[in-house]
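Engineer: Take a look at the letters that make up each chain.
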Amino acid sequence: EVHLVESGGGLVQPGGSLRLSCAASGFIFSDHYMDWVRQAPGKGLEWVGRTRNKADSYTTEYAASVKGRFIISRDDSKNSLYLQLNSLKTEDTAVYYCARLISGRFYFDYWGQGTLVTVSS
Amino acid sequence: DIQMTQSPSSLSASVGDRVTITCRASQGISNYLAWLQQKPGKAPKSLIYAASSLQSGVPSKFSGSGSGTDFTLTISSLQPEDFATYFCQQYYSYPLTFGGGTKVEIK
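Here the protein sequences come in this chain order: A and B. The working numbering applies: residue 1 is where the first sequence begins, and numbers increase by one. The working numbering applies: residue 122 is where the second sequence begins, and numbers increase by one.
Bound-form chain A, shown alone (with noise of 0.2 angstroms):
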């Protein structure tokens, strides 16, 4: 079975950084594009980004507002997805998802059940 677990949400100083997590299990996690997606408090959802698989030299793509601050990486021996915060807002307060693309594709199939980020003084 397919899990997402994301990890590493907390409260940050405007300015900070963080490093949020997502560990998957129960696939091929090297096989697919993963996507990051947040929803701000009471509001819709806006993608952040995505890493390509190995297959295509782990490229990424990153949203306009999160652009040069925000940095997606990947390490297939962990299982793993990274999202690194930097110079972080407070519009930048959301809940975080990890998404995972069908092999192939480029739709998702699966979501983690999210991490809270809070940029506040």
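No wet-lab data here; the hints were simulated from the structure. It is possible that part of the hints are untrue.
[Claimed, not checked] With a cut-off of at most 27 angstroms between alpha-carbon atoms, the simulated BS3-like pairs for lysine-lysine come out as follows:
#1 78/A to 67/A
#2 166/B to 78/A
#3 43/A to 89/A
#4 54/A to 67/A
#5 224/B to 160/B
#6 54/A to 78/A
#7 160/B to 182/B
#8 228/B to 163/B
#9 224/B to 166/B
#10 67/A to 89/A
#11 163/B to 224/B
#12 78/A to 163/B
#13 163/B to 89/A
#14 43/A to 67/A
#15 43/A to 224/B
#16 43/A to 228/B
#17 166/B to 182/B
#18 43/A to 166/B
#19 160/B to 43/A
#20 163/B to 43/A
#21 228/B to 166/B
Keeping the supplied structure of chain A fixed, place chain B upon it in accordance with the hints.
Structural biologist: Showing chain B alone in chain A's frame:
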């Protein structure tokens, strides 16, 4: 960026009702359209991809249609477990974008 506009933003319906939600893209996206369901305090769940294909395990009461710019999600007979917020999402181009959501509430 491609804007995704859902309507209505909320609706009230009774158990057994047929419910239709619409989603319009600001430019053509072929059939690169997904529908997601989210219950309060829970992660999104993927329901439909390629505008009309059901994800594995999703009951057939859910159906999707459309291509180009106009899409619909239909729930044929609303059940208590279907009361949730539904989002459309395009994956035609970066950045991926979502509709604002449709909250389906109990009448």
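Engineer: Next step is simple, just say for each hint if it's right about the structure.
Structural biologist: Consistency of the hints with the structure:
1. Taking the CA atoms of residue 78/A and residue 67/A, the gap is about 25 angstroms. The hint holds against a cut of 27 angstroms.
2. Annotation: proposed proximity of residue 166/B to residue 78/A holds, straight-line Cα distance about 25 angstroms (limit 27 angstroms).
3. Annotation: proposed proximity of residue 43/A to residue 89/A holds, straight-line Cα distance about 17 angstroms (limit 27 angstroms).
4. Taking the CA atoms of residue 54/A and residue 67/A, the gap is about 22 angstroms. The hint holds against a cut of 27 angstroms.
5. Using a Cα cut-off of 27 angstroms, the hinted pair residue 224/B and residue 160/B holds, with the two alpha carbons roughly 10 angstroms apart.
6. Of the pairs offered as hints, the one joining residue 54/A and residue 78/A holds, with about 14 angstroms between alpha carbons and a cut-off of 27 angstroms not exceeded.
7. Our distance criterion of 27 angstroms between C-alpha atoms is met by residue 160/B and residue 182/B, whose separation comes to about 18 angstroms.
8. Between residue 228/B and residue 163/B the alpha-carbon distance is near 22 angstroms, which keeps this suggested pair within the 27 angstroms criterion.
9. For the hint linking residue 224/B to residue 166/B, the alpha-carbon distance of about 15 angstroms falls within 27 angstroms, and the restraint holds.
10. Distance check on the hinted pair: residue 67/A and residue 89/A sit about 13 angstroms apart at the alpha-carbon level, within 27 angstroms; holds.
11. Restraint check: the Cα-Cα separation between residue 163/B and residue 224/B comes to about 14 angstroms, which is no more than 27 angstroms; the hinted pair holds.
12. Pair hint residue 78/A plus residue 163/B holds up; C-alpha atoms about 26 angstroms apart against a cutoff of 27 angstroms.
13. Restraint check: the Cα-Cα separation between residue 163/B and residue 89/A comes to about 24 angstroms, which is no more than 27 angstroms; the hinted pair holds.
14. Using a Cα cut-off of 27 angstroms, the hinted pair residue 43/A and residue 67/A holds, with the two alpha carbons roughly 21 angstroms apart.
15. With a C-alpha separation of about 12 angstroms, the suggested pairing of residue 43/A with residue 224/B holds against the 27 angstroms cut-off.
16. Between residue 43/A and residue 228/B, the direct Cα distance comes to roughly 23 angstroms. Compliance with the 27 angstroms bound is thereby established for this hinted pair.
17. For the proposed pair residue 166/B and residue 182/B, the alpha carbon gap of about 16 angstroms is at most 27 angstroms, so the pair holds.
18. A threshold of 27 angstroms between alpha carbons decides the hint, and for residue 43/A with residue 166/B the separation of about 16 angstroms falls inside it, so the pair holds.
19. A C-alpha spacing of about 13 angstroms is found between residue 160/B and residue 43/A, which places the hinted pair at or below 27 angstroms, so the restraint holds.
20. Distance hint between residue 163/B and residue 43/A is fulfilled; the C-alpha atoms sit about 13 angstroms from each other, no more than 27 angstroms.
21. With a CA separation close to 23 angstroms, the supplied pair residue 228/B and residue 166/B stays within the 27 angstroms bound.
In this structure, none of the earlier numbered hints is contradicted; all agree with it.
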